[in-house]
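In order, the protein sequence lines correspond to chains A and B. My numbering puts the first residue of the first sequence at 129, with every later residue one more than the last. My numbering puts the first residue of the second sequence at 388, with every later residue one more than the last.
Source of the hints: derived by calculation from the structure; they are not laboratory data. Mixed in with the good hints there might be a few duds.
As the list claims (entries may be wrong) - Using 27 Å as the maximum straight-line C-alpha spacing, the simulated BS3-like pairs for lysine-lysine come out as follows:
1. A:Lys452 - B:Lys624
2. B:Lys411 - A:Lys180
3. A:Lys498 - B:Lys391
4. A:Lys198 - B:Lys624
5. B:Lys389 - A:Lys180
6. B:Lys389 - A:Lys452
None of these values were measured; they are calculated from a predicted model.
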Amino acid sequence: MTERLTRYLIKINDFAEHQVYLRVIRETLTLLFPFVLVGTYVDFLSQAIFQKNGFLNSIYHISHWLPGFKIVAKYLTLLDLSINGVVAIAVVFLAANLATRTSTRYNLAASLTAVFAFMIMNFNGSFLAHTGRQQVGKFLENNLSYSGCFLALIVGLVTGWFFNRLGKHMKERDPNLNTQLTVWARYNVLPIAVTLLFFGLFSYLVSFFSRTGVNGLVSSLYQLSFSNYEWILLAAILAAILNNGFWFLGIIGSFDFSGSNSGSTVQNLEYAIQHGSPWGAPNPITIHTLFDSFANIGGPGMALSLLIAILWRSRNPNFQLAAKTSLVPSIFNVSQSLLIGLPVLYNPLLVIPFLLSPVASILITWIALKFNFMPPTVYPVSSTAPGFMVGWLGTGGTWQALLVSVLNVAVGTLIYLPFILLNNRIQELRERSAAHEK
Amino acid sequence: MKSKLLRWLLVSILLLAVCIPAYKWNRSNITRLRNAGKTQMAPIIMVPGSSATQNRFDSLIAELGQEAPDHHSVLKVVVKTDGKITTSGVVRHNDNQPFIVVSFENNKDGKENIDKQALWLNLAFKQLVSTYHFNHFSALGHSNGGLILSLFFERYLQQTPSVRVDKFMTIATPYNGTSTSTSYKTAIFKELYDYREGLPESLTMYSVAGTENYTSDGTVPYNSVNFAKYIFQGEIKSFTEITVTGANTAHSDLPQNKQIVSLIGQYILRENFPRGGGQNRTR
Numbered sequence: 129m130t131e132r133l134t135r136y137l138i139k140i141n142d143f144a145e146h147q148v149y150l151r152v153i154r155e156t157l158t159l160l161f162p163f164v165l166v167g168t169y170v171d172f173l174s175q176a177i178f179q180k181n182g183f184l185n186s187i188y189h190i191s192h193w194l195p196g197f198k199i200v201a202k203y204l205t206l207l208d209l210s211i212n213g214v215v216a217i218a219v220v221f222l223a224a225n226l227a228t229r230t231s232t233r234y235n236l237a238a239s240l241t242a243v244f245a246f247m248i249m250n251f252n253g254s255f256l257a258h259t260g261r262q263q264v265g266k267f268l269e270n271n272l273s274y275s276g277c278f279l280a281l282i283v284g285l286v287t288g289w290f291f292n293r294l295g296k297h298m299k300e301r302d303p304n305l306n307t308q309l310t311v312w313a314r315y316n317v318l319p320i321a322v323t324l325l326f327f328g329l330f331s332y333l334v335s336f337f338s339r340t341g342v343n344g345l346v347s348s349l350y351q352l353s354f355s356n357y358e359w360i361l362l363a364a365i366l367a368a369i370l371n372n373g374f375w376f377l378g379i380i381g382s383f384d385f386s387g388s389n390s391g392s393t394v395q396n397l398e399y400a401i402q403h404g405s406p407w408g409a410p411n412p413i414t415i416h417t418l419f420d421s422f423a424n425i426g427g428p429g430m431a432l433s434l435l436i437a438i439l440w441r442s443r444n445p446n447f448q449l450a451a452k453t454s455l456v457p458s459i460f461n462v463s464q465s466l467l468i469g470l471p472v473l474y475n476p477l478l479v480i481p482f483l484l485s486p487v488a489s490i491l492i493t494w495i496a497l498k499f500n501f502m503p504p505t506v507y508p509v510s511s512t513a514p515g516f517m518v519g520w521l522g523t524g525g526t527w528q529a530l531l532v533s534v535l536n537v538a539v540g541t542l543i544y545l546p547f548i549l550l551n552n553r554i555q556e557l558r559e560r561s562a563a564h565e566k
Numbered sequence: 388m389k390s391k392l393l394r395w396l397l398v399s400i401l402l403l404a405v406c407i408p409a410y411k412w413n414r415s416n417i418t419r420l421r422n423a424g425k426t427q428m429a430p431i432i433m434v435p436g437s438s439a440t441q442n443r444f445d446s447l448i449a450e451l452g453q454e455a456p457d458h459h460s461v462l463k464v465v466v467k468t469d470g471k472i473t474t475s476g477v478v479r480h481n482d483n484q485p486f487i488v489v490s491f492e493n494n495k496d497g498k499e500n501i502d503k504q505a506l507w508l509n510l511a512f513k514q515l516v517s518t519y520h521f522n523h524f525s526a527l528g529h530s531n532g533g534l535i536l537s538l539f540f541e542r543y544l545q546q547t548p549s550v551r552v553d554k555f556m557t558i559a560t561p562y563n564g565t566s567t568s569t570s571y572k573t574a575i576f577k578e579l580y581d582y583r584e585g586l587p588e589s590l591t592m593y594s595v596a597g598t599e600n601y602t603s604d605g606t607v608p609y610n611s612v613n614f615a616k617y618i619f620q621g622e623i624k625s626f627t628e629i630t631v632t633g634a635n636t637a638h639s640d641l642p643q644n645k646q647i648v649s650l651i652g653q654y655i656l657r658e659n660f661p662r663g664g665g666q667n668r669t670r
């Protein structure tokens, strides 16, 4: 049974690896990894240390004794915004470039067009409608960061597809291609114009429906269905799957749970302050107490569990590299480099545990809360606090919450483990067949 | 093998180096949150015992006035039998810890009267909250006044959930009526015991007993004051019993007893009081 399942999963993996566009996505993310890694460390330093609410700054009072704290903080913010803040532009360039690499004639033209097309897609619709004196950004800057990666990949691939269809194939490289304007323009003006006009029209249509661009439209769609839930457990599981699923696709940060049930969170805090203890708070089970505090340890998909599973058993050198370099930021919930470097994102094998392990955590936490084993998390905790400590600190230091967090990480690791072992086997098979071919 | 051990050691040290300051930060954060919501105004509500008037605490307040570094203004409130209140005295506008003495037109003893007085106290309390906009306070009850306040905390304080009681002191309060028995339970004790789960969990409580001899202060039996533990212990944050002996320990003298005045200053007003029964220590 397990043998058949394993073979089936390996087949899926093979299939995915041979899909041209899926491979383009993977390679895009692989090429991006060093940039993301640098960005992740900048993000980690900026968020956890050089920010007022940063976890390490809070507990060690770094801003009090480190000279030049503010200067470093500003410097890091600059780096953060200009690396992580515009990473999607690199994604769209790479995706279009890799999708059209078979043709040297329009390869560069397609990449450049894709960047323009991406900016067109992120044009701020309200800038046109705007009449007042208030400043409105021309572009939706948030969509240029990680949350725009999905859109960037789509735009890059669609642009590549346009060029592959419209551009004329030529076997040999034209020596005059880059030097003679007329030659270059004659080959490329049609696909460039078609692509830009297409995306322009699309973006314009979307701006009628939504003021926040394409990504806003997508995220507003699924926020609707969660404004009024009755079964919190079910809602939390669905929300976790959706959130992690979209993480998987690269629409990061489109979900904001803290807003959807802030009322009950405030009530809980008020109660705890009045009674001096979180036990018996009026709303013990909310998406915040289930998902945010216990099912997002280390980042989306229980990233800490994934990390432990890799460091423990994986023999894949790529996995090991990504895990080792992302270890420190992941502890403080900054895990983009781990998720992109593996790449967990768009890896059909890892999608299963990536979606399952947060659900398992939610179930465990729900049971613990339901049977009053631990109080709900009521106190605010810094977002860069180590994931396994969020429950402990959020309940004001009850050991039961710490135990549940550790249990969640352990169970998550066990869920990831079979897939890491499967990856080891695929790796082995590949090496063996490579040896055969020789 | 050795390097593995070393690595584990390093990991545990790092873990501790994060956990301990994190816990400290968490604690101070919670305290800050708790204080952030508190109003500057935090009155001390005093309820006298049966048959006593709104002037019952005058000598106590005079004593406190001599000893305490801060001057407190006094508001006297009398609740009529129809729930209307009359006041005398004023709360100075920059006084954040005024004394508010709540007494009742019907100030008779007896369980039914005490039940009514707790209800009246609730009515007066709600008016005080809406007039002076405080969200925390401390309370002091002498004799049956302690019973009225206890009943009020158990049954009625939840009606104003925005207001918290910080500290509560009762002086010679007969939690088991005038019974001297250690096992017999009177009706008033049973009522207080049955409603004890309504007590606010964050309450800090002091029950002061005075004794002229080994058994009573002349009016209230020591055993009856001792019954407080069955009501408060385990239900609130902290419960402290204090027994005062020596001069001026007759039941009606207790509110102006120097030791008790000093206890009130230390525990309820939280001011820098000269300690030790009013005698200034010389160094």
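- Message: Output the indices of the hints that this structure fails to meet, ascending.
- Response: 1, 3, 4, 5
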